[in-house]
Amino acid sequence: MDEINSLMQGFGVALTLPNLGFMMVGLLLGILIGVLPGLGGANGVAILLPLTFSMNPTSAIIMLSCIYWGALFGGAITSILFNIPGEPWSVATTFDGYPMAQQGRAAEALTAAFTSSFVGALFAVLAITFLAPLLAKFALEFGPPEFFAVQMLTFCSFVGMSKEPPMKTLAAMMLGFALAAVGMDTVTGQLRMTFGFTEMLKGFDFLIAVIGLFGIGEILTTMEEGLAFKGKSARINFRIVWQTWGQLFQYWRTFIRSVLIGCWMGITPGGATPASFMGYGMARRAAKDKDSFGKGNVEGVVAPETAAHAAGTAALLPMLTLGIPGSPTAAVLLGGLLIWGLQPGPLLFVEQKDFVWGLIASMYLGNIVGLFVVLTTVPWWAAILRIPFPVIAPVIIFICAVGAYTVHSSITDVVMMLVFGVLGYLFKKLRYPLAPLVLALVLGDMAESSFRQSMLMSQGNVNIFYANWLVGGLMAVAIFLLFLPAWGALKDLLRKRETNAHLHQ
Amino acid sequence: MRIKTFALNRLLAALGMTAAFLGSSSAMAWEPSKPVEFVVPAGTGGGADQMARFLQGVIAKHKLMNQPLVVVNKSGGAGAEGFLEIKGAKGEAHKIIITLSNLFTTPLATAVPFNWRDLTPVSMLALDEFVLWVNADSPYKTAKEYVDAIKAGPDNKFKMAGTGSKQEDQIITVMLQKAAGKKITFIPFKGGGDVAVQLVGKHVDSTVNNPIEAEAHWRGGKLRALCVMDAKPLPYKKKVTAQQAWSDIPTCQSAGIDAEYVMLRGIFMPPGVSPEQVDFYVNLFKKVRELPEWKEFMEKGAFNQTFMTGKDYADWVARNEALHVRLMKEAGFIAK
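Listed in order, the protein sequences are those of chains A and B. Reminder that position 467 of the first sequence reads as 467 in our numbering, one-by-one numbering, no gaps. Reminder that position 177 of the second sequence reads as 177 in our numbering, one-by-one numbering, no gaps.
Source of the hints: derived by calculation from the structure; they are not laboratory data. Some hints here could point you the wrong way.
Part of the chain B face toward chain A, derived, beta carbon under 8 Å [claimed, not checked]:
| no. | residue |
| --- | --- |
| 1 | G57 |
| 2 | N66 |
| 3 | G77 |
| 4 | A80 |
| 5 | K190 |
| 6 | H217 |
| 7 | R219 |
| 8 | P235 |
Values in this document were obtained by computation on a predicted structure and should not be read as measured data. Note that CB positions come from ideal geometry on N, CA and C, so glycine has one too.
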């Protein structure tokens, strides 16, 4: 096995003392970046990138990729504790993670999130190690129609998710699409819905919307409900880690499903955020007790975290082999590779063996060390919930504002965040679901571009969506998922009718 | 003059400036006294972003500035966000911006109010080249064969992928259309990397990627370079693929295609800054150009290494603007 030999050499490179040091520094910085909403892995890596130019490229990429792992781990922390997703891919984690924290099960939720992240990443790295050449080829099959099919699949796996009335879900989703359409339209090169305001040029950034809708919205609701966190009684000890691990084994199906979804989405490259939504949607569909989702089901934390981490890790593969980044952070790392004098592409694996295998080995080590670091901190994170609300609330608002500012270094974004906060509060009061809005905001733009690119390619012929087995298969699965809830409802209806008929006899 | 500056600095020192600042700035005309914001009017990972981050790295490594250079991406509205910020920061010498062709194309296509005359030109760093690429498995060995195939087919049979809409890639596509006399379907994508991969995956027939975006695929034998859109062939003679160097790619003109286009990679400052402040940055980039790292970067991306400052630079930008107005008018890309 060539791969095993190369990997062992890679471990030799990664396990030197300075490289281990860089790994730790990277992980700790990454966790911090992940915790601060808005800063984000991409920004964090971009800020630190220039510092690494004088370093040896292998050490530099080890440190930077560890920042990335750290941020993936850290994103879950604020989602669970405060309902503020530190990263876009942690949005789905809030659905069940935050209710768990409110029930005093924060430590359990954090342990589940970190462990799932680790499992997702581990399997994605295994896939990269042994299947890299094969997977890289597969990514080339993806043109605009295939991308649209994947995005359609994400939407369809999420439809019927919310317990709110379908019309409210639809309304929220349409609002999300409308917000996503503001700003530059890549296909025509024209500005849309900016109404002549230069502040609207850049459109609505997903992160700012999410920080406002979830973070600020939650604080407003809590203030109304009496200035207290509900998760105060959190038990704080290390035993909870072992206990949670014991329980997690029964969710092996969810793990496998989410790993597959995540690897798929990372390589194609759909990205970690859609992967987390799809992972959550699929887990809920497959579960027997669908109603417990959104009320603090551990599976609702496991599914999105596993998928997001698998996708985040797998996203590095198309970057290394094709030079297309599967995520914004990967895009920044790509810039780094070029500056260090390494040209990503099909030849990187041949020309820069030390570098590639050092990086892959650091993925294994970084994740193991990362898991250890975050698990030991679980009790301290959970203890934050014991701080009285009047003390912590201003701190959270401050962190949110800094986060919103960091995204584009623009003060208008902070105002925008507050507006979204009020919107989030209103949504909660009027019982409109936030998830469809967020999903449409993050995917609407991409789905629209892919659809219109496909239409340009085919000169307006919809046949392009079933022109080959790949796009046809994806579309078929998407449509099947879309009508599955309707089928279930129909069956219920028939059964009811039968029993009614029975009664009448 | 020296005395006057010194007196001014005394005054500033009295206002709370540090003694260190006083010492260094009385020795030289002007130096930044706080971190300099380096605005990139495009997203992370693209050509302008790569160059900006490279500059940030080498300037820090060789300590060419006593204050850090901080790269900030302001890509909203096809770069309008970044340009408007520089336009609005009158007299602020701690902000610079790197350009791509959207300096001309964005105001023309979207009518967002800014123009290079609203900014202070500092220097041209380099010109980015464009190459016509096809998949290595395609039957077209030369640019002429490819254009003949477009001529022979019906309208919209051939698909060109490019970055953005109504920007440089689409302008070049319109030039090719004119040469062939048939319509080419232009499919816009977000970044140059995506565009190259679409061609490797055979989802489109050709691209006009910048050299740096397609180099790896070319070297890997996946793409074929047909012609370069400059007046003369590229100067880089080192073999990139087994058979070819950048210098072996013929010009499009020589293949009978009237397509000549280069993209400005230049630096601008906000309006209302003093000549001393402009001189500081001009000297800074002159020093950068002498570094071996810069030369390596230029060769890797097969850049045209023309360097201009002052009036030469402003005149070049004015001519290039006129060219864009003409090309975009012909293509019907100007906002009404």
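Next item on the list: Verify the interface restraint on A80 (chain B): the C-beta must sit less than 8 Å from at least one C-beta of chain A.
Entry: This interface hint holds because 5 Å falls under the 8 Å limit.
Check: Taking 8 Å as the limit, does the beta-carbon of K190 (chain B) come near enough to a beta-carbon in chain A?
Finding: Holds, about 6 Å.
Next item on the list: Closer than 8 Å between Cβ atoms is the bar; does H217 (chain B) clear it against chain A? Give me holds or violated.
Entry: At 6 Å from the nearest chain A Cβ, H217 (chain B) passes the 8 Å test, so the hint holds.
Next item on the list: With chain A as the partner, please determine if R219 (chain B) meets the hint condition of a C-beta pair closer than 8 Å.
Entry: Holds. Min distance 6 Å.
Next item on the list: Please verify that hint: G57 (chain B), Cβ, nearest Cβ of chain A, below 8 Å or not.
Entry: At about 4 Å, which falls below the 8 Å cut-off, the nearest Cβ of chain A leaves the hint on G57 (chain B) intact, so it holds.
Check: Taking 8 Å as the limit, does the beta-carbon of N66 (chain B) come near enough to a beta-carbon in chain A?
Finding: violated, 16 Å
Next item on the list: Verify the interface restraint on P235 (chain B): the C-beta must sit less than 8 Å from at least one C-beta of chain A.
Entry: violated, 20 Å
Check: At a threshold of 8 Å, is the proposed contact between G77 (chain B) and chain A supported by beta-carbon distances?
Finding: This hint holds: G77 (chain B) lies near chain A, its Cβ roughly 3 Å from the closest one there, short of 8 Å.
This entry does not satisfy hints 2 and 8, going by the numbered hints stated previously.
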